[in-house]
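A.B. asks: Sequences listed follow chains D and U, in order.
The first sequence begins at 3 in this note's numbering and counts up by one.
The second sequence begins at 11 in this note's numbering and counts up by one.
No wet-lab data here; the hints were simulated from the structure.
You can take every hint at face value.
Here are the simulated EDC-like cross-link-like pairs (lysine to aspartate or glutamate), alpha carbons at most 16 Å apart as the crow flies:
{"hint": "1", "chain 1": "D", "residue 1": "K202", "chain 2": "D", "residue 2": "D181"}
{"hint": "2", "chain 1": "D", "residue 1": "K202", "chain 2": "D", "residue 2": "E310"}
{"hint": "3", "chain 1": "U", "residue 1": "K64", "chain 2": "D", "residue 2": "D218"}
{"hint": "4", "chain 1": "U", "residue 1": "K64", "chain 2": "D", "residue 2": "E245"}
{"hint": "5", "chain 1": "D", "residue 1": "K214", "chain 2": "U", "residue 2": "D112"}
All figures in this text were calculated on a predicted structure; none of them were measured in a lab.
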Amino acid sequence: MPDLVGKKSDQYQFLEQMSTEKLKSIVHADFESGDSEDAANDEFITRVMEVIAQREEEDPSALHFDVEAGWKDFQENYCPTEEKSIHVYSDDQQDELVHENKIEEQADLKYPQPKRAGHRFLRVITIAAVVMCMCAVVANAFELNIFKMIAHWTQDIFQFHTEEVSSQGAEYTTGTELDKSQTLQGALTEADITQPVSPKWIPEGFAFSGVKSYLDIGEPMYTALYEDETTDRTVIVSVVVHEHPQAAIQEKDNSQVTVYQFGGVDHYIMQNEDALVATWFVDNLECSITGNITEPEMETMINSIYRE
Amino acid sequence: MKKIFSGGVSLLLVLSFLFSLCIPAMAKEMSIQSSQYLSKYDGVVTAEGGGTIKISFLVIGTRVIDEIGASQIVVEKQSGNYWIPVKTYNNTKNPELSTTNDYSYANYVLYNGVAGTVYRAEITVFGNTDSRTFITASQYA
Chain D
3 MPDLVGKKSD QYQFLEQMST EKLKSIVHAD FESGDSEDAA NDEFITRVME VIAQREEEDP
63 SALHFDVEAG WKDFQENYCP TEEKSIHVYS DDQQDELVHE NKIEEQADLK YPQPKRAGHR
123 FLRVITIAAV VMCMCAVVAN AFELNIFKMI AHWTQDIFQF HTEEVSSQGA EYTTGTELDK
183 SQTLQGALTE ADITQPVSPK WIPEGFAFSG VKSYLDIGEP MYTALYEDET TDRTVIVSVV
243 VHEHPQAAIQ EKDNSQVTVY QFGGVDHYIM QNEDALVATW FVDNLECSIT GNITEPEMET
303 MINSIYRE
Chain U
11 MKKIFSGGVS LLLVLSFLFS LCIPAMAKEM SIQSSQYLSK YDGVVTAEGG GTIKISFLVI
71 GTRVIDEIGA SQIVVEKQSG NYWIPVKTYN NTKNPELSTT NDYSYANYVL YNGVAGTVYR
131 AEITVFGNTD SRTFITASQY A
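Kindly generate the complete structure, drawing on both the sequences and the hints.
C.D. replies: Dropping the structure here:
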């Protein structure tokens, strides 16, 4: 079997002919290049360093490193004391940390690496997603709309818009002011429902027809009917008392839903064929007004709910 | 390995966030449409105790119409991943499910089920010639 080690040693015999300064410049150049993936190069540099070390050992005038003084200097100036220490690492962690630092140092010397930038971006996205999830959970718990966005949709599209400026609605001098017996208020009060949900005004021509209470069903419902006999138009006011977090299905056509804010409540106004519908929630009460009326008339009816 | 795990967790979190936005929109299966006679409707299953469930419905019309109410209620019980019909009510045999010349209506039926079983109902409401079918939330008897 051939002596491979001896063969390789002979291969670098020429190093013995080179000056120590030249050898040091080779090592320096190799360090600057940062190329550590070539095994043959590593072997060559190792051999160069061995030659340098051998010469320094043989030369009594060469500057020798004082291990004791170096250790003392490290303890005094570099080693973290109890007061100064921030993190305590195990041996494995320290090795890992040193390795990471080396990698980062090399990365800083080289061009910016897209892979690392990608990881940073992914990290930022992950943190943002976690924060948003946590915010959404908290907001849901408190029934808050964190984005203050309003949903708008038609039959074809759905889109969120920024919060609209609330309108105060039109004020009519005509129309009919309703007393308590002509609204749902009486029936609701009997059921200990005190939130303001009953309109106290109806457009001109309409008259109170009656109130119905459906108390035996799973979620009680109250309805009031107002009719204009001359034009055969109707207005229906309803309140559904939900015991579970759910809502009824509201029919609508493909026209846009508008949000009318009044009394601190969002009222969603939409068209269903010939009927204009306003629907909204107050606590667990799902309220609606359905009728052959104009939007300003609807807004005035809504305003009257919150009037003292 | 660490990078794959980190990437997987990141993707999972982002997808969870996106799905959380979709959940409220899936609360009840429905298609947006308009009706000349129907305005609003709903149904709910509640437990009455001893295995009995109450299936309630409500319908609000756009005005006073000739006929309004529920034309059919199908009670379904959960069996694994399937829903099996166990009882059907209709307004032909159960006239109390609908009424005439009115603008709103609500009523209920009682079903003697098995305690601990999960039930739901497929309800068809109608107003004159328009009808809509929807499924309630499920409920333990």
